[in-house]
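This is what each chain is made of:
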Amino acid sequence: MKDEGGRMNPESRPGWQRFIPHPSSFILFFLLLAGCDNNPNPPPLREKRDDGSRWLVRYGGMSEDPRSFDPQFAYDQMSRRVMEPVYDTLLEYHPLKTDPYEVRPGLLDAVPVKEVGADGKPSYLCRLKTTARFHDDECFPEGKGRPVVARDVRYAFQRLCDPKVESPFLANFSEYLPGLQAAHDAAEKSGRFDYDAPLAAIELIDERTFRIHLTQPYPQLIYWLAFQCTTPVAREAVEYYDGKKHGGVVRPDFHKFKAVGTGPFRIVEYVPRQRVRLERVEGYATTSFPTDGFAAEAPEWLMALAGKPLPLIDEMNFSIIRENLPIFILTRQGYLDAMGVNKDAFGAMVTPGREMSPKYRERGMRLEKDVEPSTFWISLNMRDPLLGQNKKLRQALSACYDSKTYSDIFWSSVAPVAEQLIPPGIPGHSREWRNPYGFDLEKAKRLIAEAGYPGGIDPQTGRPLEITMDMVSVGSEDRQRSEFEQRCFASIGVEVKIRQNTFARQLQREDTGDFQMSSGTGWGADYPDPENYFFLLYSKNVPPAGKNVTRFNNPEFDRLFEQMKTMETTPERLEIVRKMNTLIAEEVPQILNFHKAFYSAVQPWAPRTQNNLMLEGGVKFSVVDAALREQKRKEWNRKPLWPLAVLGGLLALAAVLGIRINRRRYV
Amino acid sequence: MSVFFTHWLTQNLLVLAGFALLAWTLWSVSHHERWRRAWLRFRADRTGLVALVVVCLYLLLGALEVVRLPAGKGGPQSVLDLFLSGITTEKTYSAPLATTLLSSAQPEPLKGRHLLGTDALGKDVLRETLKACKTALILGGLTAAIYIPLGTLFGILAGYFRRRVDDAIQYFYTTLASIPEILLLIAIIFVLGQSLTSMCIALGVTGWVGLCRLIRGETLRQTERPYVAAARSLGQSHWNIISRHLLPNVMHLVVINFVLGFSGIVLTEAVLSYLGVGTPVGTASWGNMIDGARSELSRDPLVWWNLVSAATALFGLVLALNLLGDALRRAFDPKQG
Amino acid sequence: MFNYVIRRLLYSVPILLGVIALTFLLFNVLQTPEAAAAMAIGSKAPQQAREAWIKSRGLDRPKTEQFVKHVKNLATFQFGTSWKTGRELNEVFRQGAGPSLLITLPGFLAGLLGGVGLALYQVYVRKSLLDRSITLFAVALMSVPTVVYIFFLQAVGALMLNYFPASGFDWRGWETAKFVALPIIVMAIVNLGSDVRLYRTIFMEEINQDYVRTALAKGLSSGVVLGKHVLKNGLIALITLTVATLPRLIMGSLLIENFFGIPGLGNLLVMAIGTSDQPVVLACTYLGSLLYIGGLILTDVCYALADPRIRLS
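Protein sequences appear in the order of chains R, Z and G. My numbering puts the first residue of the first sequence at 1, with every later residue one more than the last. My numbering puts the first residue of the second sequence at 1, with every later residue one more than the last. My numbering puts the first residue of the third sequence at 1, with every later residue one more than the last.
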């Protein structure tokens, strides 16, 4: 085919070519425009404090959005992380005491003690601190915050019962606190909750004093008072922030993202999917840094904090970042003050001797190890005709499961192997205890033969025994995990089929019992008490009533559970716990896997002041050396210019080459 | 029933049947004038030939993995396994040709050498990359088996009968096309439960729209041509006209569409893996390997071999398919070249 | 013309209904109310709270009633609230459209301009080695999965060179550019490959037209012919071909937004899929179809405007 265009003369190269921007010019343009600063954090709220000293900001990350800032409603980790510095709780976990965990006064002036009334019913007398105040807010007269009074505590408990609040906590209290369930049912019937009616559980004595009545002993109540769901809330605030239009302005909704708190910080900004910003509240004096509980080898700077007024910083900035890679990059650049070292960053940061690697030690970063009070396991469905009936089979499955290697691969050997259901730090956890059906391949092979499946072969079909395992699949790592588990079971000849589910589908399966094995189940402690773990195997907690996913039903276990659940932690109680441990270890309703633990890399300017994982961050105890951070950031963010030159050179070369080739063809 | 389908012999026969069908189609159209001329033109197209050879290599590799061997316990499962039988599995990551594990916690020595290193579970990356060929081929093949008949049939029907039939078919595919594709894919996969088959069905359901539109347009044009009118006046049945006259005349579009669509499927698989609805556990796939890099890239020392091998393999196939598609288009429609 | 548009709009009603019905069906098969409740208010929530939640969302009503209400809400653009975050979806969409457009629109334009430039140049040097290598380059660009571009540019631009923030977004006037620069570059590269190929085909078709021959015969330089006539006529064809994709730019990009932490609609959708947030997914689907149909109508109108011979009837 003839090609007319071929006769074009290159000498008459048209001028228009010069005006069509080459894609590369966009790249250069943006490089010039943006190359000056790679800090994603917003500028601080203020330059200096009123007294002229430095304004201290901490930068942290959150993996997803909070759900609500309503203390009686929100339950998820991210909401709690934001609410903790904003709402002081009646009691709070002592930041320095973790083994065992201990509470100290928050808004209350002392940790209440149990009293037994004339009717034999227990109660707790509580008194609020005089310093406890709500933040200044336009919902109060003249915008001035008022002191917290006993009525506010009752109001909080009333809100737990209000069907409109949809509080997930009511069920935890209704058994022990009188009148709560009745108040809820009455409101359900009438369609409106009567907040003026008294509540049997909370007796108001005077402005600052109230008594919590119980129907039966419940020592765990102390821990619930350290939970955000019982924190006092101002009725003015809830009624003012109704999310409706007033005089042309839509007010925020208290039930969603408006907080009128009592803590050392207030929320100044929440931009969904971007960040939450907190600012220090002037005049806060409710709590101070503890004076006791310091470790013997505590450094001097930490000791110097004893008794200091809180908070120690002026602003907290949580960036919402969902991907791993950016968190790693931003920490390396000094734009985040700490990061959890996931298994992938682990190799970079931690040496075989469990120390910070030299590369990062040079940067002054420190490593902190945290063991979360949590346990993860694979649930075995006890109502399954195959697994439920065959104890030896369950034992074999447990004994072939190599938790150690699992932890090596997926937790960089940091997470301790779970030998028992109760995690470390919680009374009843025993360091000496060994799971009788922990990993032991020989034993597992023996057990599977005793179970009636020698070599994993089902004698009836002559084929390997098949079991289905359900899992939630979110990313490639989940797939790798279940592939590993599959391999473990294959080592005794059992063929495990993996069924991938959405999170919702998995929950549904667990609720209805439509599974054989369910992988990746775990429980993080709500409060440090063994009851919070054993109730997961209590027969009356089978879903949908509770979270006994395994459908474990053992009369002896139930009896012991009912006996221990409301006991004070005494040696007698620990003895019962030991018995229960023995019992479930033999029955194997779960294949225990690990206790979650991780290292965090901490920047030199933001050393840890506490390691308490019952706290959700402990923002008010954190410190920062802003001058050091500024200097390090400069050091760590040098922008080499040579790549730009190389890029430009390459483009020029391509252009020249293009023109040359062009000429050769047409001249 | 399920035993029947999982039996190695049945699987091989199914695969064989698939290839036979493909060969038969090619052979039967090769008599067609248009195809013969296209072949002459294609033969002169160097890029196209190279692309064809590359695609065939991938096909061969996939076929080696697809053909099953009688299952002995722990032994090789496919022909490819025979070739790769000497490769050991380690505990976890190791760098290409390294002698110890990557994990700094346990610098244990490796059992063997790995040209492209090993992944998180210690599987040899080279082997996984090669095995993933099969996944890509199955995805492409099964999906094509679903959407090509659908798209071609509906396209021809709409273009031939016009009026009501055309309206109904147009409504149907406009509705499907107006749902964001990725959402429809995910919804269907979720509903059917995650497996390779449901992925193929989902991809097929979303994929036929483009083909149907194309075929409809071409059929509309063809029915204006005198040969169709002649066939009609000769009293030939609708079926005859469609299968004898229309189908061979639109077949080249189907082939081009298939080749280009194949590359699209391979790329989509990578996106689906990222969204957590990729291939099931235990199936090697490039998408999964690439997705794994999300966390592997924040390791230090960087784990790059997984990403690089999978991305390179995927790139090779997709590039070859794209080039082949272009070459075919040039061959059939020289004006466009 | 006006009549035609009205007719097209009316025609789109059954399509939208079909879309709504199909997605409603799929998601109802997918998720029981109980599972939805557990997802929305947390798996630790007791049964009582879940039942209350189901009731308050009306999920215990008959399916037909729910469907009618659903259609009514969508038709009046009352998208309701997200199950997971409890936020008003209308507001969420308003806030998310900006960041999304900030990525996709410049990305689209860069792809367009770069594509037109390269394609014209290819036509200028057509059938040469250079022409073929540019095509090969374009095909190669298309053959790399988007994630790989993202990994590469994030690692190089943010981690190694410290030029750009690794992640994040903020409305900060001109400084906003630093957050979107890297995502836009990815977007442009992803678009460039297919754009170049498409535009080259368009311009090649133009170059074979009679008017080009006439212009050349008149003695006009080929540059002028390319730059003036071919570009002008080609652009018309090009706009009619690309205009259909324009409205969907609002929906953002799933992958890019997620990796760079851009709070756009694509990011929203990925999260909603991950958390089975049904109202968000259904509303996004509906919006997506609406925009798609809008694109189709736009295309027809463009055809009519470009070529007066086409009567829209």
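No lab work stands behind these hints: they were computed from the structure. Quick caveat, the model's predicted, so the values are computed rather than measured. Treat each hint with caution, since some may be false.
For lysine-lysine, the following BS3-like pairs were computed, each having C-alpha atoms within a straight-line distance of at most 30 angstroms [to be verified]:
1. K232/G - K189/R
2. K164/R - K127/G
3. K69/G - K189/R
Simulated restraints on C-beta separations [stated by the list, open to error]:
4. D194/R - L10/G: 48 to 58 angstroms
5. E236/R - Y171/Z: 49 to 59 angstroms
6. A145/Z - T214/G: 43 to 53 angstroms
7. F152/G - Q77/Z: 34 to 44 angstroms
8. L196/Z - G340/R: 49 to 59 angstroms
Just so you have them, the derived chain R footprint on chain G, three or more residues with Cβ under 8 angstroms [claimed, not checked]:
9. 8 to 19
10. 30 to 42
11. 86 to 96
12. 159 to 165
13. 249 to 255
14. 272 to 280
15. 283 to 291
Beta carbons: idealized from backbone N, C-alpha and C, even for Gly.
Tell me, in ascending order, the numbers of any earlier hints that this structure violates.
Going through the list in order, the structure violates hints 1, 2, 8, 9, 13, 15 and respects the others.
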